[in-house]
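K.L.:
Chains A and B, in that order, are what the protein sequence lines are. Quick note: the first sequence uses the working numbering, first residue 204, plus one each step. Quick note: the second sequence uses the working numbering, first residue 1485, plus one each step.
Note that these hints are calculated values from the structure, not bench results. Please note that a few of the clues may not be correct.
Selected chain B positions facing chain A (Cβ under 7 Å, derived; list incomplete) [to be verified]:
1. E1576
2. L1577
3. A1578
4. Y1581
5. E1582
6. I1584
7. D1585
8. Y1588
9. S1605
In this text, all values refer to a predicted model and were calculated from it rather than measured experimentally. Glycine included, every Cβ here is placed at the ideal spot set by N, Cα and C.
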Amino acid sequence: MAFSEQRDANGVVVMAVEGQLVVANRQELKQLLQDGLDRGDRRFVLDFSSAAYIDSSGLGALVSVNRKVREAGGDLRLAGLNEDLTALFELTKLDTLFTIAATPAEALAGF
Amino acid sequence: MGALAGATLRLWRLDGERWQLLAGSSPGTVPRAPREAGQEAASWLAVPESPGLFLEVVPQEGKRADELAARLLPVVQALLDGERAASSLTNELAARYEEIDLLYTMGELLGRSHSVEEVASVILREVTAVVGARRAGLRIHDAETDLLRSVATIGTEPGVIPETVPVDRTEVVVARAFQSGKIETGTQPGWVPGQVLAVPITYAASGQPSRVIGTLALADRAGGGSFTRNETKLVAAVATQIGAALENARLVASERGMQRMERELELAHDLQLKLMPTPAVLQGEAEVAVQSRSAESLGGDFYTFSRLGVGRIGVMLGDVSSHGFSAALIAAQVMAAAGIHANATSPPDETLALLRDSLADELATTEMYLTVFYGVLDPTAGRLTFSNAGHPYAYRVPRFGPPECLEPTAPPLGLVDAGRFGRRIVPWHFNRDLLVLFTDGLVDQVNAAGERYGMARIMARLEAGRNESADELVASVLDDVRAWGGDPDDDCTLLVLRM
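Bound-form chain B, shown alone (with noise of 0.2 Å):
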């Protein structure tokens, strides 16, 4: 440009003390040159609005630079200004640019499965990356206690904000927030410096109505000020996002626990299982067969048996109230207490009471009871003594005849404190007698239209086959059980015992 007005130009920028030629050619020295608009010589013009730069005009010789100068500067100045714009542009090209990057990271952040910490904390980093604030922290509302507590942080000391606000804390931006399910800002004093924007997140589950489960609040402004109008638009427009990751996140860690937790159930099962002796126990003294099933992965159902000495074995079984993991407890702990209270010397009811003590308090914090049936076989006698505390279902199933009931003796554990349980002895058929033991599991199986299984098909099913062996026996009516209704709803168990 300077060719064309026949002149030399220079633009200057004064950069503190220091000149700067910007365009050009160097003049070789530094010339003396004015500081301050308004002190230009005729041949230095300060260049409005864009503090600290001069164009130099140095005209051909005859030709007066103040009006040459007057010519060019709106020239340059237009320039400049195009230079500004594109300048601006650029920017706001490069803003958009980290806005789609964070919107890149929220959409990764959503496709993997990272723990509900990790997800908040890639999120402040991000958007306080690009929002340009120093300080941010992400609640997540804790339906129970119905508090926003904090999952990440960026940019505060430990203990200066408090991990928990209650929602109802309207003083505070974050509780009004999610109060509102509004945008709120406002001021946090001793929290954090200057202004707060507090962005309610929101999480719609496919069908639902969209519900705030948390919030983002960012603080301190890296350029100082208000969150503009921008800013607070794009944290809006991620907040589903963000709320979408988290809940991602959340449900991901609670299908794990779940996966943990049904493997510890599976493990506990096998556990259980195996506390309960096999019929091998009695080999050579009895034929036993027995087959327990749980409605849940545990069950409260129980039995076992023991050699008493001279021939004799002692049987129990019995059903704790309810079923699953309190049940199962209960049963283990009938398990050990009878592994140590049935011996050669108690007889039943004793044995019953001593179990009775045991289990008292647990029975009593927990409010559950058992119904537990315990005979002893004593085959140089001939003859079956038992205690039945309030267990209905142990038979007797002769050779010929009908089924008889060994009735209870005594109400069930756990519903009276003492009182004494009573025995009764029963002339035993060896060899052609069965103890049949089981539980309600069993009888109160329903089918398809509702009907239960029932006493009668049980009595008809065992009256059929009991010239069959144990195994065939307790195969045959737990089929027929399972054709009737399927797997079982409640802890079903079934014991056959020849001796």
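For reference, chain A alone in the conformation it holds in the complex (with noise of 0.2 Å):
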């Protein structure tokens, strides 16, 4: 299982990616956030602190994911992304479309 579930006190859903985001389980995460709008969710943190890798397919699927929670009128944060996959988002400028956290913690305080 690559992707842990939980939910705070806040009923903020926080999703843990364990490994690497990548083209075999990409569509399985797109199928949890998918899930958790279809039930009503709209606060999601996806935590990488175990995520090592995220490759070109993992960031298309972040960009929908992203995308689709800010349609439904969600918030979607990502925490926990070690050095090389910040440094990932910031060559990549993607950072500037996420709202990146540094642990999970920061970002469920922010919501």
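Assembling the complex is the task here: the two chains are given apart, and the hints tell you how they should meet.
P.N.:
What follows is the structure in structure tokens.
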């Protein structure tokens, strides 16, 4: 299982990405978020603390789900990106499209 | 930059009525400031080409704000332009990533087996999200009716857009795209608002030219106006993948349908075999062997036995013209009717007449006919009484001498509506004579050279094996036929009875 899902006291859904976000599991992440939206959830934190790698398809999936969440009036935040992943987001300037927090706790505190 | 210039700089945004400090140290209070470009005080400058952005310059004592501002403004503007360009590139990059996501999704659809409807709805959801369309529809061409049939829609109320569109209705944008095989745009008032972008979905089977199998239509662009060149290009690029995904799903569904049909046919085949009685029915009365093979899962050959009391037995064998499902149904009806009509009191010709009456409607509507032999063996009287409706393969094989053909006494059932069947009585040497009935599949079996197995070979086999048990004789004839031409091309049944 590449993703584990929890809900904090305020109802924010925290999904932890384990290992990597790549072609093989991107669809699963998209489906999990879609299921959340369908259930009525609007606030999400994607926790990358245990993730080391995101490929181009994973970035595509993130951009796509971010848009879906925003269109539904929700808020998706990324947290726990390691140094490499942070650099990836900065280099691609995608850091400007996402709300990125250092840790999941920080992301949750911001809601 | 302010420090370099020896001044305090602040960048402000006027967001409606509210001032928002974007850069620089807060003055503590919101200053009095101009509301529109052109109303600037000396220390306030509207940033050109950035509506709502103002630069506030507070110079060191002794310096003039307007001079300083005039020098700083081009620098600030250049910085902002750079930021805007970076942001635009980011958005562009994000759009490319979304396209990558769409292409991966298409690829995944290709690799899995979903129903056509599932594939269509995933495609619509993904394409509309990336392109930014509020309404969309996917149609597949139905070759039989020449209609474009809707398989998935997004954003449209049921009943507003017709389920089917004839391909020659060229006032409809999707019909035009289907006909021309090219991207078409237009409006469809009453169906959807705004511009409609219709793309033909194509599919090319290996080694075959590409053909249009359906259409994808997008409408009501999220940003308003017409779909951009890039959006159109993207949809055109995925159209072939959509075609492959849909065709894949259709083939999988069709293959599943075939498998289901085959399973059902196997069940029907088993059921048909169970309808035929086993030779054990006549145990103690007669020695019977019978084997029946169908060219298809279901055959049109049939046979049945009945005990008629006082040691008498009835034997019926026939062949419905054609084979397959419809022939098997008729055969099943004959068996059911024979079970009712073959009784102790009716002679064979009356039994066949009753059979004809009960099947008349069925045979007339299906334009089929059947040949059938029905004989009653009476050991007490030492005779066989039979009626034969057009069945050419019925023989008495005596222990010595040539086989005797039990020739038809009437035409096949279903070819004439009325008339007598006629019956013949043949003296029977019980325990010595064999009743041999078979169907034309045996005679007509051809070898690799196209040569028929033929009557002469069958007769020679029967004569050579007439002293064998019924089982052995049936097996030896059928082995010989199979050695001649392999599995039967037609339904093929052989029945041997010694009483």
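K.L.:
Would you mind marking each hint as holding or not holding in the structure?
P.N.:
Here is what the structure says about each hint:
1. E1576: Not OK, violated: B/E1576 not within 7 Å of chain A, min 10 Å.
2. L1577: holds, 6 Å
3. A1578: Holds - the Cβ of B/A1578 comes within 7 Å of chain A, reaching about 5 Å at its closest.
4. Y1581: Result: holds, 4 Å to nearest chain A Cβ.
5. E1582: holds, 5 Å
6. I1584: The hint holds - B/I1584 has a Cβ within 7 Å of chain A, the shortest such distance being about 4 Å.
7. D1585: holds, 3 Å
8. Y1588: holds, 5 Å
9. S1605: violated, 13 Å
Violated hints, listed in ascending order, are 1, 9; each of the other numbered hints is respected by the structure.
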